[in-house]
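Q: If you read the protein sequences in the order shown, they are chains A and B. Taking the numbering used here, the leading residue of the first sequence gets -17, the next gets one more, and so forth. Taking the numbering used here, the leading residue of the second sequence gets -17, the next gets one more, and so forth.
Some clues are possibly wrong.
Since copy identity is lost for identical chains, a pair holds within one copy or between any two.
Claimed, not checked - Below, a list of computed lysine-lysine pairs in the DSS-like style, where the Cα atoms sit at most 30 Å apart:
hint	residue 1	residue 2
1	Lys53	Lys201
2	Lys53	Lys145
3	Lys53	Lys84
4	Lys201	Lys145
5	Lys126	Lys193
6	Lys193	Lys84
7	Lys178	Lys145
8	Lys91	Lys145
9	Lys193	Lys205
10	Lys152	Lys91
11	Lys126	Lys91
12	Lys126	Lys84
13	Lys126	Lys172
Don't read these hints as lab results, they were simulated from the structure.
Take a look at the letters that make up each chain.
There are 2 protein chains.
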Amino acid sequence: MKVFVLFVAVAVATWQCQGSDEGDDHGANFQIFPLRMKTGLGGHYIPEVSCQSWMLGVEAHNIIGFSTVPKDCIGYIGNYLVGDQYRSDSKTVCREAYFYLKTLNITDKDAWVFDIDETTLSNLPYYADHGFGAEPYNPAAFDKWVDLGAAPALPESLKLYRKLVSLGVKIVFITGRPLSQRDVTASNLKRAGYDKWDWLITKDPSIYNGKTAVTYKSKERRKIEEEGYNIIGNIGDQWSDILGTNVGGRTFKLPDPMYYIS
Amino acid sequence: MKVFVLFVAVAVATWQCQGSDEGDDHGANFQIFPLRMKTGLGGHYIPEVSCQSWMLGVEAHNIIGFSTVPKDCIGYIGNYLVGDQYRSDSKTVCREAYFYLKTLNITDKDAWVFDIDETTLSNLPYYADHGFGAEPYNPAAFDKWVDLGAAPALPESLKLYRKLVSLGVKIVFITGRPLSQRDVTASNLKRAGYDKWDWLITKDPSIYNGKTAVTYKSKERRKIEEEGYNIIGNIGDQWSDILGTNVGGRTFKLPDPMYYIS
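Throw the hints in and build the complete structure from the sequences for me.
A: What follows is the structure in structure tokens.
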């Protein structure tokens, strides 16, 4: 191990020397991500490394409030989403939910909250045609896609849902989709395999117009708990799904490098 | 893009078929991570994919309370820590802190909280000799390492520190290290390049014995805010550094796949 320690020491020293020529004066704009980081002993530019860092930054809630993904990461993100890693990452999150469930004594007052988009249903067929988050959000085009009611299930989430149903846990869907899309969302859920639920809560614009997802979702979760239910778990692809109040006994963050909702 | 959509559809369909044969009945123990996930269209086992998922799960606060890292990920985690990705991931976090600082009007009542281990100082030379988190925590051996006062700076954190000092932001170190290691920690910080600070808070066992890091760190941050300071930012490698109360205007999570402190 001695040689290894030496290598680490050299690497650390090299980091320090090499680090000083890079500053804190890159792009004041949140949307710009300087992809071409100098990394490695040779100072090479490695976009894969940078895009992976960007995604990790998003997942760990360090990078917030972005409206589009970095242009140079479109390829990386597209490959991620259609490849093994996305599936494996999702499975790992759901697996932690199973482990957690095993520690509980479920009662008929226990409820589990699911977000919908990129949590229970996947809009990947839409985003594959819209740059995987590289294009700014296009409400008209996205609504048209939603109205097809054709979004497939996220397979790992569907398995978690089935487990929860079999345990008798109450199922709560809380989505940022508007009231006007409630019917098509209900039929899409059924078509994708989510055949029953106890609540399907869509965003009522007469109550929540202009409110953040955190505010809206917290209030709706609170209503459920005020009815005497206990939210044992809460899963979403956005931090705004799992932050705020009444978040649940444990929260689970599914990966989503495509967009950010506050 | 049509072909791409078709490919996505096929991939999604394949996921669904392939997903159903895997259950929720893997390992009831939180410490065991079933690495050999079936991923990919061919159903191959790809440990790199699984270890990356495990790490993402840790960073996004889905995998919690682990005492050792998965044995089969030691190689992956070791390579990560001595390679480009760790540096790039850390840089990306610190960069977000710079962007955030640019949006603020700093006053002399503004303070920034740093954790120490794996945040300002790196214990990589120690962990390289102790399996990168694969060995259970060994207090005697770790204390011996700490007492050397030889931990190098994490270079990206040092740059952030220097920026904050130049802006006149008050520097607060809050560490889980005990009061008895305060002096060696102070000299180690100076040796590593952190030459001044306004608070260096170590854990007083007469107050916080048996308390979690979240409780201890929240109370110490609260004291600082009660003295009239405003914590504008807070950076740590553990979620317990940045959860709780008085967390600061924004929080930043540096990567750490080696250990978990609640």
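Q: If you test the structure against every hint from before, which numbers come out violated?
A: Violated hints: 1, 11 and 12; rest satisfied.
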